[in-house]
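Protein chains: 4
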Amino acid sequence: MPTPDAPGIPDAPAVEQLAAATRRFVRDVVLPIERRIAGSVHDLDPAERAELIAAAKAAGVYAPQLPTAYGGAGLDTRGQAVVFAEAGYTLLGPLATGCAAPDEGNGLLLERVATAAQRERWLAPLATGDIRTCFAMTEPAPGAGSDPRALQTRATRVAGGWSIDGRKWMITGARGAAVAIVMARTSGEPGDAGGATMFLVETDNPGMRIERDVETMDAGFYGGHAEIVFDGCLVGEADVLGEVDRGFEYAQVRLAPARLTHCMRWLGLSRHCHDLALAHATERQAFGSTLADLGLAQQLIADNEIDLAAARAVIAQAAASVDDGVDAANASSIAKVFVSEAVGRVADRSVQLAGARGLTGETLLSRYWREMRAFRVYDGPSETHRWAIAKRAVSRHRRAVAGAGA
Amino acid sequence: MPTPDAPGIPDAPAVEQLAAATRRFVRDVVLPIERRIAGSVHDLDPAERAELIAAAKAAGVYAPQLPTAYGGAGLDTRGQAVVFAEAGYTLLGPLATGCAAPDEGNGLLLERVATAAQRERWLAPLATGDIRTCFAMTEPAPGAGSDPRALQTRATRVAGGWSIDGRKWMITGARGAAVAIVMARTSGEPGDAGGATMFLVETDNPGMRIERDVETMDAGFYGGHAEIVFDGCLVGEADVLGEVDRGFEYAQVRLAPARLTHCMRWLGLSRHCHDLALAHATERQAFGSTLADLGLAQQLIADNEIDLAAARAVIAQAAASVDDGVDAANASSIAKVFVSEAVGRVADRSVQLAGARGLTGETLLSRYWREMRAFRVYDGPSETHRWAIAKRAVSRHRRAVAGAGA
Amino acid sequence: MPTPDAPGIPDAPAVEQLAAATRRFVRDVVLPIERRIAGSVHDLDPAERAELIAAAKAAGVYAPQLPTAYGGAGLDTRGQAVVFAEAGYTLLGPLATGCAAPDEGNGLLLERVATAAQRERWLAPLATGDIRTCFAMTEPAPGAGSDPRALQTRATRVAGGWSIDGRKWMITGARGAAVAIVMARTSGEPGDAGGATMFLVETDNPGMRIERDVETMDAGFYGGHAEIVFDGCLVGEADVLGEVDRGFEYAQVRLAPARLTHCMRWLGLSRHCHDLALAHATERQAFGSTLADLGLAQQLIADNEIDLAAARAVIAQAAASVDDGVDAANASSIAKVFVSEAVGRVADRSVQLAGARGLTGETLLSRYWREMRAFRVYDGPSETHRWAIAKRAVSRHRRAVAGAGA
Amino acid sequence: MPTPDAPGIPDAPAVEQLAAATRRFVRDVVLPIERRIAGSVHDLDPAERAELIAAAKAAGVYAPQLPTAYGGAGLDTRGQAVVFAEAGYTLLGPLATGCAAPDEGNGLLLERVATAAQRERWLAPLATGDIRTCFAMTEPAPGAGSDPRALQTRATRVAGGWSIDGRKWMITGARGAAVAIVMARTSGEPGDAGGATMFLVETDNPGMRIERDVETMDAGFYGGHAEIVFDGCLVGEADVLGEVDRGFEYAQVRLAPARLTHCMRWLGLSRHCHDLALAHATERQAFGSTLADLGLAQQLIADNEIDLAAARAVIAQAAASVDDGVDAANASSIAKVFVSEAVGRVADRSVQLAGARGLTGETLLSRYWREMRAFRVYDGPSETHRWAIAKRAVSRHRRAVAGAGA
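Residue numbers (numbering that gives the first Met the number 0), protein chains in the order written: chain A, 0 to 405; chain B, 0 to 405; chain C, 0 to 405; chain D, 0 to 405.
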């Protein structure tokens with residue numbers, strides 16, 4: 000029977016079974032740890048991470064997005080939408096179940112673009128959780144940020160390979176990663192639309208060093224966000240990922256699905272916020288009533304329900320677009336803006352519903368609220384996506400008019 | 000091939016084919032008339048209505064929601080979501096293609112609740128467009144409005160049937176209808192949760208009279224909105240629709256899908272608003288640029304795109320809930336609030352984009368903008384739905400807590 | 000004693016006395032007529048307009064903004080903020096009390112820029128209400144709209160004066176006006192920042208004709224909005240208002256205060272909307288309670304109160320800026336955006352609170368709601384003002400940084 | 000000359016001079032320290048606090064709200080609105096200039112309610128900055144929170160005075176304070192509208208102990224927020240503040256102005272956020288342009304400007320209401336809701352404008368953004384104020400109707 004979580008998706012029963020197992024695993028196994036560390040994922044003990052992963056494998060809920068050949072469940076994007084939201088009910092959940100950023104997106108990229116040898120070397124241990132990876136694209140000003148074409152890090156040809164020089168910033172998960180996928184300019188100048196290449200750089204390469212951990216308002220990404228310097232960093236021809244000068248193109252392969260899977264996980268976390276708020280509102284008495292029965296609290300609760308339902312629906316449609324290859328970039332761009340803003344509103348209202356308790360470190364709410372703020376900025380800020388969405392709409396309209404006039 | 004309009008729905012190719020035919024019919028046949036009458040559907044000439052219906056039948060796009068036995072395409076709710084949005088691109092479209100309110104919802108109600116004889120008498124000619132119908136539930140203050148239980152109109156048993164007394168208000172399409180489905184109290188007092196019964200009343204019944212046409216800001220419903228008086232209005236036992244005292248229950252049968260089909264049609268109209276705004280913004284020059292290329296206009300365009308995509312997604316999910324019978328009332332309630340507000344925002348931004356022209360009667364925009372305002376009020380105002388949504392969320396939470404504690 | 004309506008303004012007692020007299024006049028004399036004509040000011044009978052003006056004079060509340068030499072009360076902008084909001088409680092109020100657009104702003108312009116002879120000829124009868132005037136600046140696309148520099152209407156020198164050619168659009172109050180202040184290009188090309196001149200054109204000039212009345216969603220401006228053609232329209236040197244080529248500069252003299260006085264009047268009308276909504280909400284029963292006591296209605300009521308208080312405060316501050324000549328253009332620009340949007344929200348919530356009744360022509364609400372929509376477009380749409388506000392903020396910041404670094 | 004910061008207020012030149020001196024002091028002396036401690040006021044070294052206070056006194060900007068007899072400038076609320084916003088440009092500023100919460104409000108309360116002896120003992124050293132104080136009202140659930148009448152802490156009469164028992168929570172500045180103003184129930188039961196009394200409790204009273212520092216998302220209040228236990232805490236009759244059983248009444252004396260001075264300080268901090276965002280936006284390049292010149296960034300900048308202007312205006316009007324004693328409680332309630340939400344929006348947009356940098360600890364922005372979130376909760380959450388505002392509006396309307404009908 001189709002369930003409320005998976006209406007109309009192919010293979011709904013299997014997906015729903017996996018979602019239910021993930022839900023149980025997250026609530027029974029992960030949540031107690033999340034509470035103990037107060038949501039500070041970035042400094043989880045590595046041994047504890049390994050135990051969590053082992054438990055997830057034992058529960059049959061590890062890396063569901065990966066092909067069965069790599070031990071996953073081969074979920075398509077529609078199915079991921081249902082399951083990842085269960086994993087994302089806590090910050091630790093995706094890490095435990097092998098679908099956390101940036102590894103999840105890097106796995107997809109390697110699957111699509113890497114050579115067999117590269118997949119053997121990096122994707123196989125990534126799939127088992129034995130290594131972690133990072134994606135090194137963004138740079139401090141005036142380099143690549145919202146505008147990737149500002150890319151300044153350079154790779155120049157040397158005998159037998161390439162030498163990379165430059166500085167990367169806000170590289171999530173770099174601390175502790177085994178390999179970095181590094182975007183560097185192999186032709187053209189900062190501002191040019193092309194000329195980028197991806198490289199696989201082992202993190203013990205002597206030409207690469209983590210200069211510092213950037214202190215940020217979020218704490219939900221394992222390994223945090225690092226600033227990295229590449230200084231005459233030598234890599235071989237075999238370390239080029241895909242073809243030279245096609246890096247921006249591959250980035251799109253990764254980004255459209257990756258921002259959608261972010262949406263899925265944050266949807267889960269915002270459901271958790273809402274549940275925490277409901278728990279408070281149904282217990283707290285005020286003005287001779289239960290808080291949850293007061294009209295202005297009901298408005299907050301209803302608006303949360305509406306935002307959660309709409310976010311789920313928008314993700315489901317974008318997932319279908321990605322699976323069907325129809326308008327995928329635009330659909331995931333729209334989903335990113337809508338969902339990042341909707342889950343931010345849900346977290347904000349939940350804090351408000353929880354009153355003073357929501358401001359303290361005594362519930363997970365204030366941690367989650369801060370965590371979600373960042374999502375309106377990374378993976379393209381709302382403003383950049385809106386700009387792109389408007390330009391696409393105008394182009395589409397002009398083509399339609401031209402077509403009608405022909 | 001799945002298309003952007005119908006991702007993931009069963010029988011997508013057939014639905015998409017019907018949607019495309021409806022789109023062509025609406026743009027080629029209906030739109031020119033809509034422009035001529037400036038969107039004032041309520042005073043379309045009956046002969047012209049008949050011609051439009053004939054043309055829609057000829058184009059194979061008439062009454063797609065009805066069972067094939069009644070000449071329709073037997074679309075489920077998912078399919079209606081795609082096709083009705085095409086019909087709703089204009090105000091006249093649903094009238095022309097036999098899916099306008101209130102006939103569309105009344106047809107569903109008759110199909111589900113009426114006896115074979117009643118279906119023969121009323122549903123058959125409704126299905127062909129030969130008659131129109133109305134649904135007489137709401138009353139002037141202090142009667143049934145947002146709160147249906149305030150129902151005051153009474154039906155009392157008389158020999159061989161019932162006598163109805165009371166006053167109804169804002170009865171859409173009553174002028175010109177052949178039959179009214181009348182909600183009257185058969186037991187209990189105003190404020191009671193039960194005790195309502197539905198009656199089929201021929202509009203030439205001498206005990207029923209249309210007292211006046213209520214002047215409203217909208218003009219998109221054929222026949223307008225009437226105030227009706229029932230004064231010793233005698234009907235037979237055979238005119239009871241369903242069972243006595245189950246009227247509120249049947250109203251829910253009608254209302255959950257009916258408010259969702261409203262959403263579908265208004266989604267279509269808001270797309271039209273957006274297209275009109277894009278047409279203006281891509282032609283108008285200001286500040287040395289095309290309006291559509293200015294940043295603050297791009298914000299309006301992008302927000303329209305996002306709202307339209309989200310509204311479509313929310314409708315699709317609610318349609319799946321209705322078809323699958325899972326959480327249908329709540330899903331359609333959420334959809335009603337979200338979509339009525341989203342399409343209102345789209346219409347408002349479209350007026351803003353069109354500048355002074357959007358304020359005039361020279362485009363259809365100001366007509367559409369007014370039209371959509373009413374949707375946040377009828378079929379339950381946003382506030383009533385939010386209240387119900389919050390109460391359901393709190394109940395669900397309490398059940399979950401009780402279940403977990405058991 | 001200072002009152003809530005005039006805290007901290009100079010000469011508060013006199014202002015408050017005038018405000019109270021205006022309030023009584025509007026509620027006792029004007030409101031009954033407003034109800035009878037359902038707010039359709041544009042087609043008020045001229046004789047009735049004359050009677051209203053006579054009554055306002057008798058009540059001592061006519062043209063309070065004019066210098067005492069012209070029979071007014073010589074109110075500064077701070078004082079106007081208090082009194083005009085009382086006049087604007089109805090649409091007819093400003094017309095009756097001689098402070099309606101466009102005459103109010105045109106009076107100010109004449110007072111500041113006109114020669115003694117021009118003032119004698121036009122300002123004197125304007126001040127008594129014996130004539131009306133209009134301000135002919137905006138043009139149909141691709142002419143002057145949000146961007147005044149797109150001005151296309153041309154005045155060319157001829158023997159003894161000028162010949163004007165061009166087309167104006169949305170000229171409020173033109174129908175029935177005695178004189179038009181016409182903006183025409185006397186040098187440069189459309190798009191140039193300068194080169195405009197103002198002319199005083201008698202409306203019976205054979206070179207000027209009203210081509211049509213533009214049908215719009217609002218009905219609150221006496222004389223409506225006309226499209227006007229100038230075809231070899233000859234005027235003398237004495238009909239130049241101010242100096243040649245300084246028209247854009249004079250337009251600013253008029254526009255900054257004029258958009259602020261619009262804010263004042265609309266604030267009054269939005270208070271009326273709120274009062275109508277409160278009247279409904281305190282009478283209507285639903286769900287076993289008075290509507291006004293339900294939580295979600297309370298949210299609407301509170302948000303109205305907040306918006307009304309904020310709009311009043313923003314107007315008061317901008318009025319002080321205009322009177323003190325400190326940052327007046329920016330302050331009135333900010334006020335225009337904030338107030339036009341705030342009063343729009345108030346009107347919208349009031350319609351929502353009034354439910355189905357708010358959608359009908361049976362209260363003034365739906366008329367007022369439509370009326371206010373236009374204010375976000377005319378006098379510069381919100382987007383144009385935001386653009387200008389942002390550019391000023393950035394310039395100010397850059398100057399401050401440069402100053403600090405010097 | 001009146002300046003943009005103080006239009007229309009009495010004694011504007013003196014106020015503006017003090018505001019300018021405060022601005023210089025905050026930017027030259029305070030800001031460097033604020034940067035060094037990254038805005039974490041709660042753990043500033045006490046010696047450094049003393050140095051800052053000495054410097055503020057030397058600059059003539061200390062405790063401007065206090066009567067001149069206590070060394071202050073005797074500013075009325077209008078004047079405070081201008082000066083406190085300058086102090087509040089940083090989190091440390093109010094602490095340095097003697098106008099921080101809770102001491103600022105406690106000083107006002109002591110000035111109004113305390114006996115001469117109490118003033119001598121507590122107000123005099125508070126006025127010089129030699130001691131700090133706290134206000135112990137709120138309690139953990141199910142005690143006094145948004146609803147103060149839920150007060151549970153009890154004071155019972157004993158020989159020579161009172162014995163206090165109970166638990167307080169989120170008591171700002173308790174750590175390091177010399178005295179606590181404690182609200183305890185002296186009659187009635189939790190939920191009753193009266194029966195509270197204020198006591199002055201020395202913090203070294205053995206019956207009072209700070210149980211813990213509550214970890215919260217904000218860090219801008221010196222001494223943080225403590226949980227305190229009163230366990231047979233004995234105080235004398237001379238320690239009753241004002242009269243027995245009038246505590247709720249005195250709380251209003253303190254709360255209406257105190258929430259308004261909060262607004263003033265947060266307005267200052269939100270101006271700082273906006274300045275930090277402008278600094279980023281005018282330096283950062285993206286998409287071939289300066290960020291500040293891109294349309295969607297301009298929208299954020301303009302909306303900040305509008306919110307800042309509106310917040311300033313709303314504060315100014317409420318200050319006039321407080322000074323004039325006209326509708327003060329309602330005006331400060333409205334101001335609290337509007338300003339707490341407006342400054343929250345400004346901080347949020349500023350973070351968005353600053354992109355990834357705004358998420359880091361490298362600017363003060365993310366600290367300020369978190370800081371402001373709490374203001375929508377304390378001093379009465381937005382929902383409680385809206386409820387009260389709506390109820391007052393409905394009462395006012397009913398009185399007006401009754402009056403008109405009489």
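Hints in this document: simulated from the structure, not taken from any laboratory. Computed from a prediction, not measured in an experiment: that's the story for all the values here. Keep in mind that the hints are not guaranteed to be accurate.
Any copy, or any two copies together, can satisfy a pair, since identical chains are not distinguished.
Computed cross-link-like contacts, EDC-like style, restricted to lysine to aspartate or glutamate with a CA-CA straight-line distance of at most 20 Å [claimed, not checked]: (1) K56 with E15; (2) K390 with D302; (3) K390 with E47; (4) K56 with D44; (5) K390 with D292; (6) K56 with D27.
Going through the hints against the structure:
1. Within a single copy, K56 and E15 get their C-alpha atoms as close as 18 Å, which meets the 20 Å cut-off; across copies the closest is 42 Å, which misses it.
2. For a Cα distance limit of 20 Å, the shortest separation of K390 from D302 across copies, 12 Å, qualifies, whereas the shortest one inside one copy, 30 Å, does not.
3. Taking CA atoms no more than 20 Å apart as the test, K390 paired with E47 passes in neither setting, with 47 Å inside one copy and 40 Å between copies.
4. In this homomeric assembly, K56 and D44 come within 20 Å of each other (Cα to Cα) only inside a single copy, at 19 Å, whereas the closest approach across copies is 50 Å.
5. In the homo-oligomer, the alpha carbons of K390 and D292 lie at most 20 Å apart only across protomers (8 Å), although the nearest pairing inside one protomer, at 45 Å, exceeds that limit.
6. Within a single copy, K56 and D27 get their C-alpha atoms as close as 15 Å, which meets the 20 Å cut-off; across copies the closest is 58 Å, which misses it.
Consistency with the previously given hints fails for number 3 only.
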